[in-house]
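J.: Residue-level listing of the chains:
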Amino acid sequence: MTWLRSCPDWGEKRVVRDYVAAIVGVAESDLGFTPNRTVLQLQAQAAKAALDDAGLTRNDVDAIFTAGNWTWAPNLMLAEYLGIQPKYTDGTNIGGSSFEAHLGHAVAGIRAGLFDVALITYGSTQRSDRNRNRLSPHSVLTEQYERSFGLPVPVGAYALAAMRHQHQYGTTSEQLAEVAVATRKWAQMNEKAFMREPITIQDVLNSRWIAEPLHLLDCCLVTDGGGAVVVASAKAAARSTKRPVWVLGHGETHTHNSISNMPDLLVTGAKESGARAFERAGVARDEIDVVEIYDSFTITVLLTLEALGFCDLGEGGAFVSGQRTAPGGEFPMNTNGGGLSYCHPGMYGIFLLIEATRQLRGECGPRQVKDARLALVSGTGGVLSSSATVILGRD
Amino acid sequence: MDENFPRPVLDSDSRPFWEGLQRHELWIQYCSLCHQHIFYPRSICPYCFSDDLVWKQSHGRGTIYSYTVVHTAFGPFAEETPYVVALVALDEGVRMMTRIVGVPDDIEIGRKVVVTFADLAEDLTLPYFRLDVG
Ligand SMILES: [Zn+2]
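Chains A and B supply the protein sequences, listed in that same order. Each residue of the first sequence is one higher than the one before, counting from 3 in my numbering. Each residue of the second sequence is one higher than the one before, counting from 796 in my numbering.
Check each hint, because a few of them may be wrong.
[As the list claims (entries may be wrong)] Where chain A lies over chain B, by a calculated footprint (3+ residues, C-beta under 8 Å): (1) 817-825; (2) 846-852; (3) 856-864; (4) 882-891.
Derived from the structure by calculation, the hints contain no laboratory data. Just so you know, even glycine gets a beta-carbon here, dropped at the ideal spot from N, CA and C.
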């Protein structure tokens with residue numbers, strides 16, 4: 003079903019499709035270091051706050067979306083804990099971009115009339131658990147062709163892409179550092195951000211090597227935290243207290259599992275997920291006001307910007323130079339401080355949606371992008387393995 | 796070898812690969828239908844979905860597609876840093892992860908490399924590569 007609605011502000015001819023479903027509630031749980039919290043508590047806290055934000059209740063929720071590796075079937079444990087028996091359930095796990103995929107799937111389900119209100123959650127206590135780098139001594143199935151070589155995952159895989167980007171295009175470590183510095187400037191305006199001390203390009207270059215050419219400050223944080231997003235049909239959104247943030251387009255794909263099998267280390271699946279999202283939304287790249295891009299590593303951002311077509315392949319380094327993505331820059335990006343400086347509890351994608359929604363509602367205080375109407379969110383999961391892109395807009 | 800070293804668990808896809816390495820031979824698959832080489836080993840061709848795959852011995856030569864110098868590693872690898880992990884494109888057209896050993900300072904993407912067999916344990920040999928100096 004497609005609604006056609008003309009938007010007077012954009013001129014008489016301008017038509018926006020797909021007013022099918024909207025984000026109506028968003029919230030984080032406690033973030034950072036939460037040693038006394040479980041992943042279930044973090045998700046319950048975020049879910050309750052997101053439903054309050056929406057002006058809806060637990061009983062309105064008839065679909066559950068979550069992803070995690072804290073038990074064998076997260077949907078079962080989470081829904082039981084929250085007291086929800088859903089009509090529809092989706093545990094798609096494609097890494098950090100899972101939540102952008104969940105949003106697309108939720109819209110599809112709503113479009114099909116299968117449910118009205120979906121709750122998407124995520125939670126992780128990886129910082130408190132300190133188990134992120136524990137390795138199993140057995141490598142099974144297709145893992146066995148990589149794990150014995152000692153590539154630290156995921157950072158080593160991203161380093162392989164960064165090294166090739168530098169070789170092929172002449173991208174410099176200074177250009178990668180531009181992303182970390184600009185993102186830290188946004189974090190300074192977000193009181194929830196984990197790292198708020200200003201940094202310089204030289205600080206990034208002086209930080210220790212993790213896997214060349216990536217330095218410590220090219221890498222995302224390791225934090226605890228959870229988040230929740232409430233998605234509603236147009237009908238249910240009308241009952242919500244917050245103004246709806248419409249999902250205008252979505253695209254997803256995954257191109258590989260192990261980094262050896264990435265078809266081209268310099269072209270991510272965002273090329274396809276982005277093209278589909280733009281096509282569905284019927285908007286152009288230069289109409290996007292604010293961009294939230296998964297920043298597991300600085301190179302992730304460059305590759306994603308290129309794949310999405312904001313610049314040509316190989317031009318990512320030049321594109322972000324001169325603090326172009328920082329507050330006051332031409333291209334506001336990762337306005338919450340990103341995975342690099344705000345929080346990164348293992349799978350970060352849900353936080354991209356939370357920030358984009360707040361920007362479109364005009365709730366971001368000092369870091370608000372003025373008159374933001376259209377936002378693009380693009381998640382990346384695994385080792386550049388999965389991409390899911392959504393375009394959001396307000397009335 | 797460290798007891799936490801991530802050892803391959805051989806299965807009916809991978810056994811000929813690992814057993815070949817123990818003989819200091821690098822074996823990869825080839826699709827009889829679409830004539831592509833295939834790595835890692837599997838039961839069906841990812842290009843044309845044929846299940847008519849045969850094993851062929853690789854010449855063990857290729858070029859560095861990308862590499863990284865690892866400075867922070869975990870578990871059994873923590874003590875080995877720095878070391879070089881690379882993706883090598885074999886001349887047969889497949890890509891594999893490996894270590895580059897005996898690394899001189901002039902390691903570079905595009906450099907030619909040749910396989911060398913690292914016997915890490917009595918029952919485990921890994922295919923490493925070194926720069927092909929002619
Ligand atoms: Zn074939």
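J.: Take the hints in turn and mark each one as holding or not.
T.: Status of the hints after comparison with the structure:
no., hint, in the structure
1, 817-825, "violated (count 0)"
2, 846-852, "violated (count 0)"
3, 856-864, "holds (count 5)"
4, 882-891, "holds (count 3)"
When the structure is compared with the earlier hints, violations turn up for hints 1, 2 and for no others.
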